[in-house]
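Q: Produce the complete structure using the sequences and hints provided.
Each chain, written out:
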Amino acid sequence: MTEIIVVTSGKGGVGKTTTSASLSCGLARKGKKVAVIDFDIGLRNLDLIMGCERRVVYDFVNVIQGDCTLKQALIKDKRLETLYILAASQTRDKDALTLEGVRKVFDELTGDGFDYIICDSPAGIEKGAHLAMYYADRAVVVVNPEVSSVRDSDRILGLLASKTARAEKGEGGVREHLLLTRYSPRRVAAGEMLSVADVKEILGIDVIGVIPESADVLTSSNAGTPVILNEDSEAAQAYADAVERLLGADLPMRFVDAPKKGFFARMFGG
Amino acid sequence: MGLLALFRRTPPSASVAKERLRIIVAQERSTRGGPDYLPLLRRELLEVIRKYVKVEPDAVKVNVEREDGREVLELSVSLPGKDG
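Residue numbers (the numbering used here), protein chains in the order written: chain Y, 1 to 270; chain P, 1 to 84.
Hints were generated in silico from the structure; no laboratory data involved. In this text, a Cβ means the ideal position worked out from N, Cα and C, and glycines have one as well. One thing to keep in mind: the hints can contain errors.
Stated by the list, open to error - Computed Cβ-Cβ distance ranges for the label pairs, DEER-style:
(1) P:V53 with Y:S148: 41 to 49 Å
(2) Y:D250 with P:Y52: 26 to 34 Å
(3) P:V16 with Y:Q65: 48 to 56 Å
(4) Y:E201 with P:E56: 16 to 24 Å
(5) P:R22 with Y:F255: 21 to 29 Å
(6) Y:A165 with P:R22: 30 to 38 Å
(7) Y:Q65 with P:V53: 55 to 63 Å
(8) P:V16 with Y:G204: 15 to 23 Å
A: Written out as structure tokens, the structure reads:
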């Protein structure tokens with residue numbers, strides 16, 4: 001059975017593409033056959049994060065418009081055997097992507113035995129975001145512990161609960177998970193940042209991962225290597241845990257507590 | 001957190017963020033799924049009420065309930081206390 005997972009957030013710049021890239025690599029590393037699709041029509045970026053930008057010949061819209069076959073457009077990852085990337089189109093015509101077109105591509109991927117389809121949603125709540133979430137079985141809502149991101153995530157949760165195929169058919173809706181990024185345990189301990197528990201309480205859904213703020217996210221994107229493959233990094237380990245949880249494992253959260261300070265550090269700052 | 005911070009009066013900014021989000025999220029959820037005019041209706045009602053009574057910005061709540069195939073528009077306005 002093919003499971004369709006949308007990675008979405010409402011707000012831009014919170015780490016949707018970074019998360020899509022790392023989750024799809026993580027699932028492929030577990031032997032799953034994965035297609036990761038960039039839904040950000042006009043603003044292609046997943047290819048850069050995945051490091052395959054120079055191998056893009058055909059894109060998502062080309063497939064839908066019949067300019068090429070799906071096989072021709074899928075870019076096979078050079079690192080992981082079972083991972084494929086479908087790039088977004090650079091066209092400015094937002095109507096190039098349609099629900100029927102998306103359905104056709106998903107059906108073909110299902111027929112080809114893919115285990116997971118990861119949909120990297122564009123920011124916002126417009127058509128692209130709607131198309132990315134419409135057929136989803138599950139949603140990973142990426143959120144920064146910051147007021148505007150949390151509020152936008154709640155808007156997205158409202159759309160997931162009403163504007164998706166599962167919601168319309170009354171099939172129990174889309175399974176929703178939160179994934180916090182740019183988390184700083186030190187700032188949480190200082191009362192300067194919303195905690196995991198705060199965000200979970202406000203939005204009322206389960207947390208599938210907490211990715212600590214890490215310099216490795218930028219260096220990985222510079223190199224075109226999804227951060228999860230940079231195994232020494234805490235961010236990589238946190239993404240690997242999130243992948244395990246997606247697959248059903250029950251793991252404790254790591255990297256969410258600030259390092260303990262000694263008595264003097266606590267009294268006199270530091 | 002240094003020694004002086006133990007005595008500071010302002011609450012940590014994270015708890016301010018949490019409280020603000022709690023209120024705005026609850027407000028936005030209450031109009032979600034309802035007709036698009038609900039947020040505007042709420043704002044205009046608030047403006048009218050504020051001509052007569054000094055109420056808080058979140059004092060007006062509008063909600064559409066669906067029961068037995070009909071819709072009920074529910075309005076609730078909390079007025080300030082006697083000494084408020």
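Q: Hints first: check each against the structure and report whether it holds.
A: Outcome of the hint check:
Separation of V53 (chain P) from S148 (chain Y) is about 32 Å and departs from the stated range, judged on CB atoms against 41 to 49 Å. Taking 26 to 34 Å as the suggested C-beta distance range, the pair D250 (chain Y) and Y52 (chain P) does not conform, at roughly 56 Å. For the hinted restraint 48 to 56 Å between V16 (chain P) and Q65 (chain Y), the CB-CB distance of approximately 50 Å keeps it satisfied. The supplied range of 16 to 24 Å is met by E201 (chain Y) and E56 (chain P), whose beta-carbon atoms lie about 23 Å from each other.
Our hint of 21 to 29 Å for R22 (chain P) and F255 (chain Y) holds, since their Cβ atoms are close to 26 Å apart. Remark: the range hint 30 to 38 Å for A165 (chain Y) to R22 (chain P) is upheld by a beta-carbon distance near 31 Å. Judged by the Cβ atoms, the range 55 to 63 Å given for Q65 (chain Y) and V53 (chain P) holds: they are separated by roughly 60 Å. V16 (chain P) and G204 (chain Y) have their C-beta atoms about 20 Å apart, which keeps the hinted 15 to 23 Å range intact.
Hint compliance for this structure: hints 1, 2 are not met, and every other hint is.
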